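Engineer: As given, the protein sequences belong to chains A and B, one line each in that order. Numbering follows our numbering, in which position 143 of the first sequence is assigned residue number 143; successive positions increment by one, without gaps. Numbering follows our numbering, in which position 106 of the second sequence is assigned residue number 106; successive positions increment by one, without gaps.
Hints listed in this document are in silico derivations from the structure and should not be mistaken for laboratory results. The hints are all genuine.
Calculated cross-link-like contacts (lysine-lysine; reagent style DSS-like; alpha-carbon spacing at most 25 Å): (1) Lys301/A x Lys334/B; (2) Lys31/A x Lys120/B; (3) Lys339/B x Lys5/B; (4) Lys301/A x Lys151/B; (5) Lys151/B x Lys344/B; (6) Lys64/B x Lys114/A; (7) Lys270/B x Lys309/B.
Here the structure is a predicted model, which means the values were calculated and not measured.
Here is how the chains run, residue by residue.
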Amino acid sequence: MDDIKKILIYRTDRYGDFLISAPFVYSLKKKYPKSQIHIMCSAYNENLIKNFTFVDKTMVFKDGFFSRFQMIFSYFNKKYNLIIVLDGKRRSLYHSLFLKGKRYCLIKNYFLIKFCSFFKINYVINSESQTQFKNIAYLSNLIGFNLIKNNVFENYQFPKFKLNLPKKYIVFHLDEKWFIKTYYFDYTDINPSTASILKILNFILKNKNIKIVLTTGYIKLPIIDFLKKYIYKKKHLNNNIFIIENSSFNEIQYIISKSKALICCEGGVSHVSYFFNKSTLALYEGDRKNFHNFWTGHMNKLVAHHREDIKILSKSNSLFYKKILKTLG
Amino acid sequence: MNFKKTIKILHIADMHLRHLGRLYYSFGRKITLGFIKNNINLLQIGDRDLLTGTLFNRNSVLYKSIYKSINNFTPDVVLFGHVDNLEYKDFVKLKENFKNTIFAQYFVDTLDKNFVNFDKHKSRFLSKSQFCDVNFITTDPAVLDFVDSNKTFFIPNPVDFSIEYLKNFNHTNLPYDVFYALSHGQHRGILKKKFKDEREDFLKDISLKIKKTSFFGLNNVPPIWGSEFYDQLSKCKMGINLSRGKPIKYYSSDRIAAIMGNGLMAFLQKNYFYEDFFQEDKEAVFYKSINELINKIKFYSKNDILRKKISKLGHEKYHSLFNTTLVTKYMLSKILDFKMIRKKEWMI
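Whenever a hint applies, use it, and build me the whole structure from the sequences.
Structural biologist: What follows is the structure, encoded as structure tokens:
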């Protein structure tokens, strides 16, 4: 294993998925510093992933039958010392079979477990009975190295942003995940009104001497316009709440990196805050406790709260408000 | 130890029942003794004993037995000692079915990269480590790059006064100078016909230069087991601790427990870092080469007072550092996540 020169990792899903496996890639690079690490990623992630100094090359796993067929030809018989399928997807595993190299897969799917057992492909079951982080740590042990729990954003190359940020602030990330019409339909709809969001913001300002940076997601939400109208009218709010709209994920990462804490729905942003060691209050789907633990169980500074409970925002003494205070310290 | 509630442990390891008393001093049995001394409600499954006579579906039979035992006993902790008849997938299934149970394992074979069976040993250890909350090994985890050092801890080969009962340092006229027992696998019990252990030449060279040796398992002398092992041990002044493979920090075969625990003066190999626990030439004697070992055997066989003194101090130190009660208490502290008040040198 000491002569490892080229490594290919498949992580063709979302950015949060890549982030959870970023310590794996980081540790692999530390173990084999002379190796070239190539990441097969999705089109969404490429621009973010290539900023990590431990990634040498990114390649987009294309959509569409013909593009994939073409990809097989262009990669056919390419030689890697290690091929690691971290996303557990069939398409990635099948594609990897056309390449030469020692293969390891992190898989959940029952069919793929049978497939790998039959063809004697090294695999690790990505079981939800424990955190995904532990499963990835085990995969690293199987390959022959230990996971380094370090800040993977060390030496991350942020572009220069022109952002108007206060000195000391917390981030309130109000994205599409707060509304089921713009997110998964089987999630509990929080659907907060302008008044309830203002109530939370006021609660923070009243109890903690800290400014709030309100960030948004990719999708434009009508609530932001209502909030803006109201906040701009009130001097007290206008001086303490900074709304940053239409920001790229890279900008959001930067904003979180400079913040004191984060309030959000569980997802990519909470993974970012973990690596910057920020206190985080994340909302998650209550009936998916195991699923939630699978994704976030390793985050030591994360306070979780059921999405259902947030419906009772009117009660200022509710558990949600207590958790806000706990998160803000 | 007193816990607020009774702790229930299901200990699954080779209990050697099928060996009819031949291996009553096994590692698994000592661990059982230690837990009982710590007031643990312990249930044990001898995985290999259970499968004796089962030719087909062995893995499924074992899985079902463990599954039913966990259901009936509802242990707080399931502790695996090797259990190689279960497959990786079975451990995953157990973990998924019993999410609130703590799973732990101990592994006592060498994990030295240069060892001939390294890949096999590594995969046996790793097949359980993913879903074990805590792992115990007889090597320092810090020197291994494939174990999760946050949940893997060193444990020594334990001794128990009920098993290691001899006190050879009290006797002067012992018939043999030095003891060594070799085997080609403790389960097999007899020597393999065309197999040569790398230690044989080393031991043969010693027997050429030292007259009063008590060596078993080589030169057509069969290995010894059970009470006979203790009978032969009781006739010797000193014992050689010689492990297979290249030196690796803290690893030792359980031979060390038999030698030091029974009051024989121990010759320990250098580069295993046992100097961290035993003072050189006061509690144990260390050697690097065969010539050095031969010279030291000759020297101490003539200096009985010094031999008895070192044996006694080594015996006392071994029993105070590595006794079953302490080793299992340390294991409990890691499994149940509590702090040991009085830590010994080998504890993290």
